[in-house]
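Please work from the sequences and hints to get the whole structure.
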Amino acid sequence: MTKIVDTRGLSCPQPVLMTLKQMESLEKGEIVVLVDNDTAKENVARAVASKGWSVKQIQTEEKDYHLTIIKE
Amino acid sequence: MVGALIGILAPLLQKLGNPGNMGICVACFERDIAGALGLHRAAVVQYLRPEIIGFVLGSLLAAYLFKEFRARGGSAPIVRFILGAFAMIGALVFLGCPWRALLRLAGGDGNAILGLLGLIFGIWIGTLFFRGGYNLGRSQQTHAAAGWILPVMMMGFLVLRLVFPTLEGQESSGVLFYSLKGPGSLYAPLIVSLIVGLAVGFLAQRSRFCTMGAFRDLILFRQGHLLSGVVGFLCAAFVTSLILGQFHPGFQNQPVAHTMGLWNFSGMALAGIAFALAGGCPGRQLFLAGEGDSDAAIFVLGMIVGAAFSHNFGLASSPQGIGPHGIAAVVVGLIVCLFVGFTMKKQFA
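Each protein sequence line maps, in turn, to chains A and B. Position 15 of the first sequence, counting from 1, maps to 220 under the working numbering, and the rest follow consecutively. Position 136 of the second sequence, counting from 1, maps to 881 under the working numbering, and the rest follow consecutively.
The reader is advised that the hints may include incorrect statements.
[Unchecked claim] When the alpha-carbon atoms are kept at most 27 Å apart in a straight line, the in silico DSSO-like pairs for lysine-lysine are as follows: (1) Lys812/B / Lys261/A; (2) Lys256/A / Lys1091/B; (3) Lys233/A / Lys276/A; (4) Lys208/A / Lys1091/B; (5) Lys208/A / Lys1090/B; (6) Lys226/A / Lys1090/B.
Please keep in mind that the hints were generated in silico from the structure rather than gathered at the bench.
What follows is the structure, encoded as structure tokens:
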């Protein structure tokens, strides 16, 4: 079951904090992060990379982005 | 890069007429706008600053060109208004926003060091609240027109500035007030100010330049991405000040500054907490408002109203020192910010 972190409507640093928290509790695996603005998308991608996770894909759904992040 | 560019442009604006170590100061300039509109009647700080108008409209333009304009709002607007007002009150006890704190330092004003330390201290308190779960809740998508409210207001201000231009030796022109002396009487040519404002607004929207975010992300995530912008700003402003002969190291007799260290620190600490709780420094709030964020727009209006209170109630400092009620205002502001930080938490699944 892929974890979903829904940060839509929240402004920074909330999306990054929520993503980091989920990453810490999972340690590895796959998470889908929902964001609704470009700043949050960039910030989450940057934070993910700094913790040894990677962004597998970014899907655009209407006005939102779905970031799939993974750590093997 | 963008930080460095602003760092070059700001001292140039001083050369072209803006006040000392105040090439660009979002707090001071919003305060001057409040004065120009007659919301306060401090005679020395009245000028409808085109830079502020440019920041919002430049960001609006960039947001549309890059398809990032998103009208949104509804994340605790009243709290943002109050945070904006106290952010301004704190900034005016120090006499500057974070940008000006950096410009003051780059111009040799040692008092800015305590202001910057206060700012970082305030932001650090803010990060403790974030770790404790503080947030103001989700915003909602709204009508595009709602996101246009502040940009349209800024266009209206520009029209007023054009319809009622400065009149030689006159304190007022139509509905606008102007300063005959003091910082409000010092300004670069209208067209230069406006173009620089538009350029900075455009670029800062793209780069997300934010002085509060720089320190917040460093403390919270050990991330230096935004900080590089601040360092670029400071270095560029320092070099430009040196070249233009605007670097005068010392503590005494610095332009539009006072030497009461404790209150330089405390004023900026109050501003720092308020910026952190509201999610952006004053400049960033203007750029967000240009992107359609009406919560940021409300923070901006809070700052303008806060400036009016600051001068009407003797809260703002002057080069002679803090205002008669500055200390009380800082204490009340800190209590309000702590109340907001402790009580507004919501856990998301």
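Hint by hint, here is what the structure shows:
1. Lys812/B / Lys261/A: Answer holds: lysine 812/B to lysine 261/A is near 24 Å, not above 27 Å.
2. Lys256/A / Lys1091/B: holds (25 Å)
3. Lys233/A / Lys276/A: Roughly 5 Å separates the two Cα atoms, so the pair holds.
4. Lys208/A / Lys1091/B: holds (20 Å)
5. Lys208/A / Lys1090/B: The hint holds at about 23 Å.
6. Lys226/A / Lys1090/B: holds (16 Å)
When the structure is compared with the earlier hints, no violation turns up for any of them.
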